[in-house]
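Based on the sequences and whatever the hints tell you, model everything.
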Amino acid sequence: MATKVSNPSADLPVFLSFKEVWRNRGRFLLFSLVIALITLLVLFIAALGEGLGNGNREYLAKLDAQLLVYSEKSDFLIAASRVDPALSTSIRRVPGVENAGPLGTSSVNLVSRESGQTLKISLIGAEPGRPGLPPVISGQPLRASKANEMIIDSNVAERSDIKVGDTVVVQSTQGTDTEEYRLRVIGLTDSRQYSLAPTAFVPFQTWDKVRPKSQAEVNSNNPTANVIAVRVSNPAEMEVVEARIFENIQNVETATIEKAIQNVPGYSAQQSTIQTQGVFTLFIGLLVIGGFFQIQVLQKVPQIGVLKAIGAPNPVIAAASVLQILIVTALGVAIGGLLTFLFSLSFPPTVPIVFNGQRTLLALGLLLLIGPVGGLVSIRYAVRIEPLKALGLSS
Amino acid sequence: MDAQIMEAATAYEIKPRQAVALETRRVAKTYPSDLGLIRAVDDVSFEVRQGEFVALVGPSGSGKTTMLAMLAALLSPSSGQLLLDGMDLAQMSDIERVRLRREKIGFTFQANNLVPYLTALENVELMLRLNGRLDKAGRVRSQELLARLGLGERMANLPSQMSGGQQQRVAIARALIHNPSLVLADEPTASLDTERAYQVVETFANLIHENNRAGIMVTHDLRMVTYTDRVLQMRDGKLVKQYVTREEIEGLAGGRLEH
Numbered sequence: 022m023a024t025k026v027s028n029p030s031a032d033l034p035v036f037l038s039f040k041e042v043w044r045n046r047g048r049f050l051l052f053s054l055v056i057a058l059i060t061l062l063v064l065f066i067a068a069l070g071e072g073l074g075n076g077n078r079e080y081l082a083k084l085d086a087q088l089l090v091y092s093e094k095s096d097f098l099i100a101a102s103r104v105d106p107a108l109s110t111s112i113r114r115v116p117g118v119e120n121a122g123p124l125g126t127s128s129v130n131l132v133s134r135e136s137g138q139t140l141k142i143s144l145i146g147a148e149p150g151r152p153g154l155p156p157v158i159s160g161q162p163l164r165a166s167k168a169n170e171m172i173i174d175s176n177v178a179e180r181s182d183i184k185v186g187d188t189v190v191v192q193s194t195q196g197t198d199t200e201e202y203r204l205r206v207i208g209l210t211d212s213r214q215y216s217l218a219p220t221a222f223v224p225f226q227t228w229d230k231v232r233p234k235s236q237a238e239v240n241s242n243n244p245t246a247n248v249i250a251v252r253v254s255n256p257a258e259m260e261v262v263e264a265r266i267f268e269n270i271q272n273v274e275t276a277t278i279e280k281a282i283q284n285v286p287g288y289s290a291q292q293s294t295i296q297t298q299g300v301f302t303l304f305i306g307l308l309v310i311g312g313f314f315q316i317q318v319l320q321k322v323p324q325i326g327v328l329k330a331i332g333a334p335n336p337v338i339a340a341a342s343v344l345q346i347l348i349v350t351a352l353g354v355a356i357g358g359l360l361t362f363l364f365s366l367s368f369p370p371t372v373p374i375v376f377n378g379q380r381t382l383l384a385l386g387l388l389l390l391i392g393p394v395g396g397l398v399s400i401r402y403a404v405r406i407e408p409l410k411a412l413g414l415s416s
Numbered sequence: 467m468d469a470q471i472m473e474a475a476t477a478y479e480i481k482p483r484q485a486v487a488l489e490t491r492r493v494a495k496t497y498p499s500d501l502g503l504i505r506a507v508d509d510v511s512f513e514v515r516q517g518e519f520v521a522l523v524g525p526s527g528s529g530k531t532t533m534l535a536m537l538a539a540l541l542s543p544s545s546g547q548l549l550l551d552g553m554d555l556a557q558m559s560d561i562e563r564v565r566l567r568r569e570k571i572g573f574t575f576q577a578n579n580l581v582p583y584l585t586a587l588e589n590v591e592l593m594l595r596l597n598g599r600l601d602k603a604g605r606v607r608s609q610e611l612l613a614r615l616g617l618g619e620r621m622a623n624l625p626s627q628m629s630g631g632q633q634q635r636v637a638i639a640r641a642l643i644h645n646p647s648l649v650l651a652d653e654p655t656a657s658l659d660t661e662r663a664y665q666v667v668e669t670f671a672n673l674i675h676e677n678n679r680a681g682i683m684v685t686h687d688l689r690m691v692t693y694t695d696r697v698l699q700m701r702d703g704k705l706v707k708q709y710v711t712r713e714e715i716e717g718l719a720g721g722r723l724e725h
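Protein chains in written order, with the working numbering: chain A, 22 to 416; chain B, 467 to 725.
What the hints contain is simulated information worked out from the structure, not anything from laboratory work.
Accuracy of the hints is not assured; some may be wrong.
[Said to hold, decoys possible] Listed below are several chain A residues computed to face chain B (Cβ distance under 8 Å; list not exhaustive): (1) ARG44; (2) ILE331; (3) PRO334; (4) LEU382; (5) LEU414.
Since the structure is predicted, the reported quantities are computational estimates derived from the model, not experimental observations.
All residues carry an ideal CB built from backbone N, CA and C; glycine is no exception.
Structure representation (structure tokens):
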């Protein structure tokens, strides 16, 4: 054998791949733009999924409770559940329960007194000192049970001119009349959407007074809550506590917050639809990238044959191909990410897209991965090209 | 045969006692086919000395390209020995062959010779990079060789910006820059007009003689053999005739292929 072994320079794949991309930059840039558009689409789908998911989930996900108690046969639908708020007193006596309080949810119109602007919001009632009311980031928290006071979430503030200190009008239909109630906004909390709407919080008794009601409810004096929010002393014992509530309280069913979220009407269906779209878009990306590089390799058969004939080993050919795919994909994803960011700046806050979610990161990771995966076939093909092709021969 | 080479040497100033660089011993290549075994190359033996430029001629299907592929370590023979610098190519593993190709062999092809996205200089230097030997001296040598081949102004050009003849000359520089033991050329003039074809082959011959390499050129264009030291004629896979004297070679170049 040869006495002196000479191996290719370590940077040879880098040299070859960068030179090829740079000297064909028009073609590769065009392809990076295709990847950028796929990235844009995937990121938007991910952000929309996150945004819509938040819209349904946010209040519940941030709730300072671990369990919800529903009326029996409510199918874990908060809006369909009707419980006596006094039930929370019995639940608080169940060992392992730290605190519990009634929650009421409804949809009302909020009218700014300054501009007359109307905003459709979710109005949530919870007892001060019990689970269900969010901490405020400015202003005062709700303290008095019957006060005509309100906390708004940041979405209300963003979408209207309502601010802490304002007096607002809550419009709701009670029986056949539209009633108006004046409340003072005393605090602001972070984003806590519920039912895809901006959210405001009032003391439970105030909620029971101002919420939309049927004629029967107007005539009745019994307050009704939707669910009881339960905070357990030790989250590790949640299942035990859940079982105890079920044993001790009649005619109820319980759900963890996670289960409650999954049972929000349309939530699961919406999320799986969006996820399917995302997966398919990624799959299309995979095929497009795979196809492009495969065609590229087919065009380069004689050239790769010559490289091998003059002694370029397979690892060099494979590494150069992988690097090239990585360069083009990374560039495409970077451009796509930038485009997405620029586009997102132009969206009004009402469009439910959220880019800071884990999903965006996951999507970016997957997008970077589909390049090399999509290109695998072409790399394998390149490695298998016979150097004899340089002579126009094949074995 | 030695006597013949001596005779050729006096005619063409070859040093007679140069060592044998390449030797083939009863090399054969057979392929299975529907019609039975095809003997593409059949019992071919010859040797090429350092500093000797040999032409391999013959009609298409005569086995000359298959022979070249075996000499280039791209194909292993079915039987026989192929000794380059004393090493038997037939016994080598695939990895050893790849290494041998970049270390010991220089190659020019008919077409698609150059890497299209590398400049003339980068294409030449590629051979040094492949051997992990591109240093300042190597870069200077590459530039000098290209200048010597009349491509001093073309070093930064991509192949697409050069004529066919210029591309072939870059390929010649690439084939020689790493000081291989054996330089192979597959139809180097196929895409060139007559004048450029003569220039390219003459340059090739000069460099092989100067650098004391063994050179083999496969060509169908008999006029080009005028620059070679010896001509091997193949037919039906067999080596049928050698043209050794100047007179024989010039006769062949003039169009007299004996059958």
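- Item | Structure versus earlier hints, numbers of those that do not hold, lowest first | Those not satisfied come down to hint 4.
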